[in-house]
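> Sequence:
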Amino acid sequence: MAERPLTPRSLLWPESAARPLGAPIQPSVVYAAESPDALDAQYEGRTQGYSYAREGHPNADRLAALIGAMEGIEGGLVTGSGMAAVAAVLMGLCRAGDHVLGGDQLYGRSLRMMAEELPRLGVGTSLADPTDADAFAAAIRPETRLILIEAVSNPTLRVADLAAIIARARERGVFVAVDNTFTTPRALSPFELGADIVVHSVTKLLAGHSDATLGWVGARDAALMQRMRDFAVTAGLTPSPFDCWLAERGLMTFELRFDRAEANAARLAVALAGHPGVRRVLYPGRADHPDHLRARALLSGRWGNMVSFEITGGRAAANALVRAARGIAFAPT
50 MAERPLTPRS
60 LLWPESAARP
70 LGAPIQPSVV
80 YAAESPDALD
90 AQYEGRTQGY
100 SYAREGHPNA
110 DRLAALIGAM
120 EGIEGGLVTG
130 SGMAAVAAVL
140 MGLCRAGDHV
150 LGGDQLYGRS
160 LRMMAEELPR
170 LGVGTSLADP
180 TDADAFAAAI
190 RPETRLILIE
200 AVSNPTLRVA
210 DLAAIIARAR
220 ERGVFVAVDN
230 TFTTPRALSP
240 FELGADIVVH
250 SVTKLLAGHS
260 DATLGWVGAR
270 DAALMQRMRD
280 FAVTAGLTPS
290 PFDCWLAERG
300 LMTFELRFDR
310 AEANAARLAV
320 ALAGHPGVRR
330 VLYPGRADHP
340 DHLRARALLS
350 GRWGNMVSFE
360 ITGGRAAANA
370 LVRAARGIAF
380 APT
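50 is the number of the first residue of the sequence shown in my numbering; add one for each residue after it.
Keep in mind that the hints are not guaranteed to be accurate.
Quick list of in silico lysine to aspartate or glutamate cross-link-like pairs, DMTMM-like style, CA-CA up to 25 Å [said to hold, decoys possible]: (1) LYS253 - GLU297; (2) LYS253 - ASP340; (3) LYS253 - ASP153; (4) LYS253 - GLU241; (5) LYS253 - ASP110; (6) LYS253 - GLU123; (7) LYS253 - GLU359; (8) LYS253 - GLU304; (9) LYS253 - GLU311; (10) LYS253 - ASP308.
Because the hints were derived from the structure by calculation, they are not lab data.
Sequences and hints are given; from them, build the entire structure.
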C-alpha cells in the first residue's frame, strides 16, 4: 500500500464565497514566510505579517484594536494578564535611576511590584494620595519618570483628581499611566484628559465571563507604545489566542452588561445604606462619598458598577454573611 503522508503543509482552508460572521481562532505558533528576504522585511518593519506567536498573533491584534477603539486610539497591546500590562508599563519605560510615583490605593499586586520588583532594578518608588492633587504633585521628584494611578481605586472606590494630576505632571515632563479597569471606557476616557498611557485588566468587566485572563495597554505616543511592546515580546507577556477570542466575544455584550450592573449597584447601595448591620457604604454615587462631586464631574454622571461596604461584627459577621448569601459566589477577581 502506497504511503499517503498528510502534513499541515499539505492542508488548505476550504474556500467559500461567503464570509463567517464569527471571529476565527488562529492558534498557530509559527507562520511560514515565502523566503528569508520576506522574513527579514517583516522584522525590519518594511512589511506587515506574523512570524512567531510570542511576537504577536491575529487574535491579540483584533482584540487590541477593539479595545483601542473604545479608548479612542488605534491599536494597543494585549497581554496575558492585567498585571502583565502593568509590568509592560513599569518595566518597559523605566530604568535604573528613575522614580515612579504611584497612587497610595493601587491594586495590591501593583503596589507589590512597586515595592519589591522596581527597587531591585534600581528604580525608586513612592506613594501619594491621588485624591489630593496638591499633595500628589508635591511628591514628584526631579527623577520621576512615571506616575501610575487608578481612576477609581480597587476596592475602596476613591476617585483620583485625574485632570489636575495630569496637568501637573505635564508641567514637569512626567508620563501618566491610568488604570481604567474599574471605570472602563463606558464611563471615562483618560486619553481625553491628557493621560499618556491607559491600562486595563481585560479579565474583569471587558471580557466579563471569568474565563479569560488578559490585560491591555495603550499609548498615544508611538515611541512609548513600541517600548512597551518590545518589553512584552522579550518577557513573553503574550496572551493565548483562545483567551483573546473569548474576550472578543465578551466585548460584544460589554455595554449591556455594564449598564445593567451599574443600575444594580445603585439599587444595592441604597439598600445597604439602610441596613442596620452595615457600618459604611463606599459608592461614588452617594452624596456622603468623600469624592462624590469629583466623581460626578469626572464620570459625567455615571457611577460605575462597583459597591464596597463595611459591616458591623468583624470577621465573624463577614464569614456569616458570605455563607448566607444566595446566588453570590465568594471569589477573588
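> Name the hints, by number, that the structure is in violation of.
Hints that this structure does not satisfy do not exist here, as all of them hold.
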